[in-house]
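Residue numbers (the working numbering), protein chains in the order written: chain A, 1 to 195; chain B, 1 to 588.
For the record, the hints were derived by calculation from the structure and aren't laboratory data. Heads up, some of the hints might be wrong.
DEER-style ranges, computed between Cβ atoms [as the list claims (entries may be wrong)]:
(1) A/GLY14 <-> B/GLU238: 40 to 48 Å
(2) B/PHE497 <-> A/GLY14: 42 to 50 Å
(3) A/GLU10 <-> B/PRO448: 58 to 66 Å
Built from N, CA and C at the ideal position, the CB exists for glycine as well.
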Amino acid sequence: MLHTFVAYVEDLPGVLTRVASLFRRLNINISSLTVGRSERPGLSRLTLVCESSAEAGHRVRASLFKLENVVDVDDIAQAPSVTRELALIKVAASPRNRAQIFDLVEVFRARIVDLTSESLMIEMTGVESKIEGLIEVLREDEGRILEICRSGKMTMRRGHHISSVLKAMGAGPDEKSEAENQPEALEAGAATEPE
Amino acid sequence: MGTNANTQASNAHLTTPTRLTGAEILWATLVGEGVTDVFGYPGGAILPAYDALRKFPIHHVLVRHEQGAAHMADGYARASGKVGVAIATSGPGATNLITGIATAMLDSIPIVCITGNVSSKVLGTDAFQEVDITGITLPVTKHNFLVHRTEDIAPALRHAFQIATSGRPGPVLVDITKDAQQGTAIFDFEAAKPRAYRPHPMLHVEESGLAHAAELIRNAKRPVILAGHGVIESGAMEQVRTLAERAQIPVALTLLGLGCFPASHALNMGMMGMHGEAWVNHAIQEADLLIACGMRFDDRVTGSTSTYALKAKKIHIEIDPAEINKNIKVDVALVGDLRAVLEDLLPRIPGRDGSAWLKTIDASKGAVSVRDIKNLPDSGHLYAAHVMHDLWRITSGDAIVATDVGQHQMWEAQYFHHEKPRTLITSGGLGTMGFALPAAIGAKVACPDREVWVIAGDGGFQMTASELATIVQEKIKINIAIINNGYLGMVRQWQEFFYERNYEATPLVSPDFVKLADAHGIQGRAVRTRTELAEAVSVARSAPGAFLLNFLVEKEDSVYPMIPAGNALHEMIRRPGKNPLVESPDDK
Ligand SMILES: Cc1ncc(C[n+]2csc(CCOP(=O)(O)OP(=O)(O)O)c2C)c(N)n1
Ligand SMILES: [Mg+2]
Numbered sequence: 001m002l003h004t005f006v007a008y009v010e011d012l013p014g015v016l017t018r019v020a021s022l023f024r025r026l027n028i029n030i031s032s033l034t035v036g037r038s039e040r041p042g043l044s045r046l047t048l049v050c051e052s053s054a055e056a057g058h059r060v061r062a063s064l065f066k067l068e069n070v071v072d073v074d075d076i077a078q079a080p081s082v083t084r085e086l087a088l089i090k091v092a093a094s095p096r097n098r099a100q101i102f103d104l105v106e107v108f109r110a111r112i113v114d115l116t117s118e119s120l121m122i123e124m125t126g127v128e129s130k131i132e133g134l135i136e137v138l139r140e141d142e143g144r145i146l147e148i149c150r151s152g153k154m155t156m157r158r159g160h161h162i163s164s165v166l167k168a169m170g171a172g173p174d175e176k177s178e179a180e181n182q183p184e185a186l187e188a189g190a191a192t193e194p195e
Numbered sequence: 001m002g003t004n005a006n007t008q009a010s011n012a013h014l015t016t017p018t019r020l021t022g023a024e025i026l027w028a029t030l031v032g033e034g035v036t037d038v039f040g041y042p043g044g045a046i047l048p049a050y051d052a053l054r055k056f057p058i059h060h061v062l063v064r065h066e067q068g069a070a071h072m073a074d075g076y077a078r079a080s081g082k083v084g085v086a087i088a089t090s091g092p093g094a095t096n097l098i099t100g101i102a103t104a105m106l107d108s109i110p111i112v113c114i115t116g117n118v119s120s121k122v123l124g125t126d127a128f129q130e131v132d133i134t135g136i137t138l139p140v141t142k143h144n145f146l147v148h149r150t151e152d153i154a155p156a157l158r159h160a161f162q163i164a165t166s167g168r169p170g171p172v173l174v175d176i177t178k179d180a181q182q183g184t185a186i187f188d189f190e191a192a193k194p195r196a197y198r199p200h201p202m203l204h205v206e207e208s209g210l211a212h213a214a215e216l217i218r219n220a221k222r223p224v225i226l227a228g229h230g231v232i233e234s235g236a237m238e239q240v241r242t243l244a245e246r247a248q249i250p251v252a253l254t255l256l257g258l259g260c261f262p263a264s265h266a267l268n269m270g271m272m273g274m275h276g277e278a279w280v281n282h283a284i285q286e287a288d289l290l291i292a293c294g295m296r297f298d299d300r301v302t303g304s305t306s307t308y309a310l311k312a313k314k315i316h317i318e319i320d321p322a323e324i325n326k327n328i329k330v331d332v333a334l335v336g337d338l339r340a341v342l343e344d345l346l347p348r349i350p351g352r353d354g355s356a357w358l359k360t361i362d363a364s365k366g367a368v369s370v371r372d373i374k375n376l377p378d379s380g381h382l383y384a385a386h387v388m389h390d391l392w393r394i395t396s397g398d399a400i401v402a403t404d405v406g407q408h409q410m411w412e413a414q415y416f417h418h419e420k421p422r423t424l425i426t427s428g429g430l431g432t433m434g435f436a437l438p439a440a441i442g443a444k445v446a447c448p449d450r451e452v453w454v455i456a457g458d459g460g461f462q463m464t465a466s467e468l469a470t471i472v473q474e475k476i477k478i479n480i481a482i483i484n485n486g487y488l489g490m491v492r493q494w495q496e497f498f499y500e501r502n503y504e505a506t507p508l509v510s511p512d513f514v515k516l517a518d519a520h521g522i523q524g525r526a527v528r529t530r531t532e533l534a535e536a537v538s539v540a541r542s543a544p545g546a547f548l549l550n551f552l553v554e555k556e557d558s559v560y561p562m563i564p565a566g567n568a569l570h571e572m573i574r575r576p577g578k579n580p581l582v583e584s585p586d587d588k
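Input sequences plus hints: build the corresponding full structure.
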């Protein structure tokens, strides 16, 4: 199954290697990894997605915690959360066929962020499937897509689940109790889509 | 050597912040951490540190190969429970440490390795003798540090000691650039203290878990305690013993657990696993409850996991949450320090009558067992088992024994009965040949008043035999028993059993070990028969200096019983009837 881990790590040289090296050692392929600053000074926040057996979650989380520079680890598992990815897509477009792409961009709620006489750049934020959808449609015309750059997934739990709250609750991501205060209706529904 | 040491001056550094060079800070920090001995080998990038050594009350043992330094630090730690320290230069010095670091990692041994590196200005330029040793050792250390500023040396070293010893112990490497050693900084030992130790956030011992465990123990008909290295690391010998005695539960030990529960204790069944005795493994397979204490269900003790102890509920008491359900799924996990957990658990355990189960196990031992080897007549052959048995008998089992890896290691585990923790020093997880001699040197430096024996194969001994010179230079009294079977015996045994006796690359030509010892100024003697054995051992023990015994043993002897890798724990190859040493009930 797909596992999503969110971790706070010290913002120091080599820390990412340590995290990556752990997954290599466990023979688990990282399918997506994003890292950036967090709300906590000196700590980076990373979202790491990997494919592994259902039981692996516990061991991966325990092993991540064993790394000296890892401060917090949350195994999102099936918990209600918001996941987003950012994609920049450069497509070939002349003034004659631009309009068609403008329409597409509108339908997918993406944006045009750069425009030249031969090409334009689309910025799209969303769940993976939507980005895949846009790319698929763009691919219908061969040779149109020139470049794709995707950020990888970023995940945040829904509700008031900042790490200190999780800790107070006993931290267990696998604990059932957490699911309780998650309104089902908000689950990836259109109502929660931003913009 | 720290003969010119000015103890007072160096101790003043510990209380009053003083400006020192990085090299001085390195040693002053070690002194502050209680280090009295280090094992090392100099070179360009660590030379500033060596230059400052004479000012500090630290004894430096010059090794002959850096692998030896890491193993000595390891043996020092295993024998004493203190942190062992190894030191090496950059590049080849650092890479030579790696096998020793990995050995310590796999067996959770607290050592700190210090390496010099090229100056920070040229880091990353492939400068002379530069390697990325923090990168290389990342997967085989608990943590490592690259220090390139003088003011970071003391905090990094102190943090390294904390990491090495806390939670599940392990090796830590601190790589210090040459310019950091040469620069100066204010040394403030107190201020360099690491942040408060944070236990693993997933440690988890709940009231309900303790209650469940206690209930399982109370209701079990056929319980077995599996005691591992964690018993020793946690200092839980008393607690395990109380649990066993109060609830009358038999105890099986892992290789690294040997000594954590007295061999002579009526409830001690002996070693489990690949070369454990049949009754031990049968008891585990028949058990209805396993209480795993500080052990990790390694493949050498479980055999095939799909057929392992299927009738048993399992309680796992372990400090490393990553070990829970890793190899074997358990019913109750008590994740915490073994000693503390057992102290919480014991008040819930009432006395229990275990006699029926104990009788069943006893019956499965049969009338004639390996315990009776001393009664068997001398057939004229010298078997390694005889050597182990006599070493045990003559030393009253009171020596520290460092074994290498191979058949002799298993024979030692079977026939030398360890009563106390930290008396067997052996590489279990990595199975590192060449470990015994340097590890024994480390043990002797840690415990100078103890009798120390090396038991090594003719193969493994040659991997680190150069440390004989270290013994002489350090005037160390240890005794060396080479179990010389002319083969890489354990590999030969696998070839015999599983590769149709195709003895490819296992026959071994060796030097005359007695002459080799003599060339180093070490006395020695060859032993060919059982009649010479006891006297030779006595001569070695009473010799003032180190002594080497070359035991020319039966060449094609094998270690029995044996569970072929991947087989179920009860599917073992038993001792053949022709074996004159021992018999088991089902021998024809
Ligand atoms: C460094 C290293 N290389 C290879 C091995 C594989 N190996 C395990 S036991 C063994 C044979 C050891 O021979 P010897 O030291 O003579 O001991 P014996 O088994 O004969 O008692 C070998 C080669 C190992 N464990 N370690
Ligand atoms: Mg041999």
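Evaluated hints:
A hinted range of 40 to 48 Å holds for the C-beta pair A/GLY14 and B/GLU238, which are about 42 Å apart. For B/PHE497 paired with A/GLY14, a C-beta distance near 45 Å keeps the hint of 42 to 50 Å intact. In this structure the hint that A/GLU10 and B/PRO448 lie 58 to 66 Å apart at CB is violated, the actual value being about 42 Å.
Going through the hint list in order, the structure does not satisfy hint 3, though it satisfies all others.
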